[in-house]
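Chemist: In case you want the letters, here they are:
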Amino acid sequence: MTRLRVSADIGGTFTDIVLLDGEGRLRTKKVSSTVGDYATAIVQGLAEALAEGGLDAGAVEEVLHATTVASNAILEQKGARTGLITTRGFRDVLEIRTLRMPRLYDLAWEKPPALVERRLRHEVTERIAVDGTVRVPLDEAEVEAAVKALLAEGVQAIAVCLIHAYANPAHEKRVGEIVRALAPEVTLCLSHEVLPERKEYERTSTTVINAYVRPIFEQYLARLTAELGKGGVSAPVLIMQSNGGLMGAAEATERPVHAVESGPAAGVIGARALARQAGLPRVISFDMGGTTAKAGVIEAYEVSRASEYAVGAGIMVGSRLLTGAGYLLKVPAIDLAEVGAGGGSIIRVDAGGALQVGPESAGAHPGPVCYGRGNMQPTVTDANLVLGYLNPHALVGGALAVDAAKARAALEERVAKPLGLPVEQAAWGAHAIAASNMIRAIKAVTSERGRDPRSFALVAFGGNGPLFAAGMAASLGMRRIIVPPSAGVFSAVGLLCSDVEVHLTRTWRRPTQGLDAGALQAACAMLEAEARARLAADGFPPERQDITRSAQLRYQGQSFELTVPVPAEGDVATRLEEAFGAEHERTYGHRAGAGEPVEVVALQVLGRGVPERPRMPERLMAGTEGPPQPPRAAYFGAAAGWIETPVLRRSDFAALRPGPCIIEEYDATCLVPPGARAVLDAFGNIVIEL
Amino acid sequence: MSDRSYDPIAFELFKNALFSIADEMALTVHRTTYSAVLKDNMDYSTAFCDGQGRLVAQGLTLPSHLGSIPEALAAVIRRYGDDMADGDIFALNDPFEGGMHLPDIFVFRPIFVDGQRLAFAATICHHTDVGGRVAGSNASDSTEIYQEGLRIAPMRIYERGRPNETFFLFLERNVRVPDKVMGDLRAQLAACTIAERAFRELVGQHGAERTRFFMEELLDYSERLTRAALADLPDGEWSFEDNIDDDGVDLGKPIPLRVKVTKRGDGITVDWTGSSPQVKGAINSTFSFTRSASYCAIRSVLPAGIPNNEGYFRAIEVIAPPGTITHAVLPAACAARGLTGFRMVDTMFGALALMLPDRVGAAGDGGNTGVSIGGYDATRRPFIYVDFTCGAWGGRPWADGLDGNSHMFANMACPSIEVTEAEQPIEILCYELLPGRAGAGRFRGGVPFAREYRMLEDSGVLQVRSDRRVYPPFGLYGGQPGAPSRNAILRDGAWAELPSKFCVEFRKGDVFRHELAGGGGWGDPRERDPALVLRDLRAGLLGAEAARRDYGVVLTPCGSAVDGAATAAARAAMPRRSAAIVRGAEDAA
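Read top to bottom, the protein sequences are chains L and A. Quick note: full-length UniProt numbering has the first sequence finishing at residue 690, numbered continuously throughout. Quick note: full-length UniProt numbering has the second sequence finishing at residue 589, numbered continuously throughout.
Just chain L, same shape as in the assembly (with noise of 0.2 Å):
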């Protein structure tokens, strides 16, 4: 019997199924997301993806999972009824924020309401100093009293973060033992197991978080596994963490703070596998859908990553400098620059005159105008549509009818005739203006951390990055395009792609001159410990416990830390800096002399857990092909105008082919513009080089 892998990326709009067999076969499947019940989709499509194949449920073995019911829980305001308790003084740390918003100059700025109201918000008296020292004794008897207030007030959650918890958790876990005995039954979150670190903002809103998705995404792992079993399919759940590995079901139960991004973190992970496959150490992602296009950055075969990131901030923001929006998770996560362009971004001519794309989006409905939804302000697609990049009846494999005429009227007259230009011309400056929108995510992971792009290969996914990306790697100076199969589900095939990790992070702070090496290795053996334990845990023996240990520095003074691996021997103290003053001068373009004070801030353990055989085949095969599409006009600018394309399948790419062409793919279209050439290499991936 085959065995078979199965992911599933849930998603706004549509779940996508992906079956692997041992032979690399790829079966993917869309269907509908079923909102308020995500688990019946991912069933239904499963059992029909299976079913279609003439496979057997009995023969997965495991089933591989990103979810947004955690973020959607804090977006949608319906996560468990959470109360907090926290150091007299401090009641209003989760509501102040950090008083930053994120819009200049908006009289309507309304900031997102904290996810526990004042109201369950409990102070006890109780101080830690900053050097763990108690300096004012916990007050228990106000603790009772504040548990007994919330259990009155129906809390299904508790989190607990008191001042400087992560230099002597003493009082919390105090405060722990009496919630435990007063209310057994009610989820508890300590701010010290949670996030072990300094800033009370950051870690009072990671913990809250985590009490209030965790009885939601407890409930539903528990719904998934179940209705799984029923379908016959008994195979463990792993979820997809926001930082690009994977956790058993226990630990995401414990932790689901760690899974709230983990759909845009998966398409991260299948551009690595993507990246290690075809020997390219140095790749950006780019993964644009709907509403908002993704950047990422693979360097040495390997993602970058995040210290925290907010839910829900995304597309609010139209720059890195403004923070303040959505909900701050102080997690490991990849790093991903989002901006809200997309195939529904919505294109006008604005009162000075200049052609603007987005960030209004149509959405998904109504749409675009091609669709003949009600909506009549051209868009994004519409805009590909008169351009002749998209198949002018039909798009998913024909399963959506589109309106060409319209999409052209609705351009001509609000796009076209205020510019004073020929439709074509109007509906290449927005696509253009869109791809440059997007490129500034692309940047922000790259130049504006001191790297070139022009160094780096471009894996374009999602239903619309195969679309795009050849113009926006022209325009950044980059060479090479590498389109995967089955694009459109990509972050599905990425989960296939991923590994268990544990991502330990503690504060320890010392400056490096006179550093204590010894103390800092048994800091992290300490670390290193507690995620062997948890490998194990998830069922991996020492043997396949992969573990590496870094540190976070900065200028003493400075507040943003740069990441650099721990070396195992030698003078570590005059190593890290070394390694510390490259890498700033590498992200920043200058390093300070060599006698400026340098501090350790953090440590951080990351255990891998190695799978037993290869997780991905040499090869993937996607499913099968549609049938030859007849040539059509596109155009390619005032310059080359008008040119007749031939619409080609992937399997037409044997032989090297010149650009332009057109390939029209059931989940996604990837255009090759005139100059380009296009291939398919030995993995299946359309390789595109400028």
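No lab work stands behind these hints: they were computed from the structure. Among these hints, one or two may not hold up.
Okay, the calculated beta carbon distance ranges per label pair [said to hold, decoys possible]:
(1) L/Gly626 to A/Gln52: 55 to 61 Å
(2) A/Cys558 to L/Ala129: 41 to 47 Å
(3) L/Arg509 to A/Leu532: 42 to 48 Å
(4) L/Arg586 to A/Thr166: 30 to 36 Å
Just so it is clear, the structure is predicted and the values come from calculations on it, not from any experiment. Ideal placement from N, C-alpha and C gives every residue a C-beta, glycine not left out.
On the provided structure of chain L, position chain A as indicated by the hints.
Modeler: This is chain A only, laid out in the frame that chain L set:
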């Protein structure tokens, strides 16, 4: 638009690229800076100017720097003219020759392409200390500029890539925390270098001629957008007056700010004539800062998407007579002029609320309180803690004022308490919202917060600049003013009240408490949804007595629901409140 003689698409692409360079500069400063005032308060800005010194693109940074760059760069050009070369870098901070106040050091790097000066990269950073009599160089009780620190006239600090050692040594020896100041200056220089590299690439793509043309067009484009938006606003003339309590020197002497906003067609004039003569205390504003405040307020009632550059300024005329607090002249002290800027923005919002009653709200807490704690530890190492804080907005015509949100004029973040305690000899005892202080209204003002700081070193100096003690944040259209601010010190077991601006010795164990003023309310409090009154009550932000007195909301005996009948009766007995501007109890009816 059909008469356009250039490619609108190439223009849009150019504009995106240029603004992304300005933002990239800002990120470089943000990530590599040393001092809290830069990394947390983000008290810095980055920009791009054309070869003539006109501001073309300002990064998304501090609104209070909006109008400052053109003036500063003009001062450099006045002094050096064409005597500039590739690799030169210029700096200044003198408020009377292009600067704003001494802590703000401007850095400009001219960019040459084929021997022609095509642009300037610009950064401004508020430095932690530039010397002078009080640590932090921002005391409000200095009475002349000479007390405030090192004055840097427009000066060449790099000549063809070589640092001017005289300048750097001079600076280093005259500031209290040279490691921070030099580190931050390094971040400014790095940002300019990054900008230069990126701009050269852009010129490589477009050519020098088209780059020059597009920069010019970018100004015209902003002007067109601004004028189109202004044309949509009503014509007329609106005046407003607000007061700063005092300047911290002439205690109890109010300082009036008067503005007249005149809108005709597609232009607008902001006239500060009639405001107080310049004062002894250090809250005098430069003309450039007054322009920033005026631009910021108008920007807030225009649609988003207008690029920040001189084209936007062209549609706005700002008048401020020299010798007044809105246009100080030598030897005025101006270190703490931030306060005046915030109050000018509030005054502007007052006038704009009369112009656009459904779009602009009541006054917030008054703009940020500055707290500086400085001194030397037992080993004579200096420490300086500088915190600027604000957080309560005024009630708005459609919603309550925000609680715990920065002022429009300076989108600042608060430093973490745990980080502050790790880096400074200070313990923060509380940081919490204060009940009963928000101005009542159909939409109440923002709830202010309190902070307490305990000194852990033997001794130091505590310097505070606050306001809104005598003149609380005004309410609008029947909304009530917010509660005034408060300062107090706990010493030897007893609390003592302090004035709004002061400088005192801060001893080990002393606790300083600051309470922000509450935001002003908007609309008749009797019209407030009783459910919202109940919500605030149960959140502990409002007492039952105040709910009844200020809102006429009566609770059922169990206290968990609104008694509808009793509330209706109580409200019927309350006076109708509708005065357009409510500054104190006497205006309330």
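Chemist: Just pull the numbers of the violated hints for me, sorted ascending.
Modeler: none
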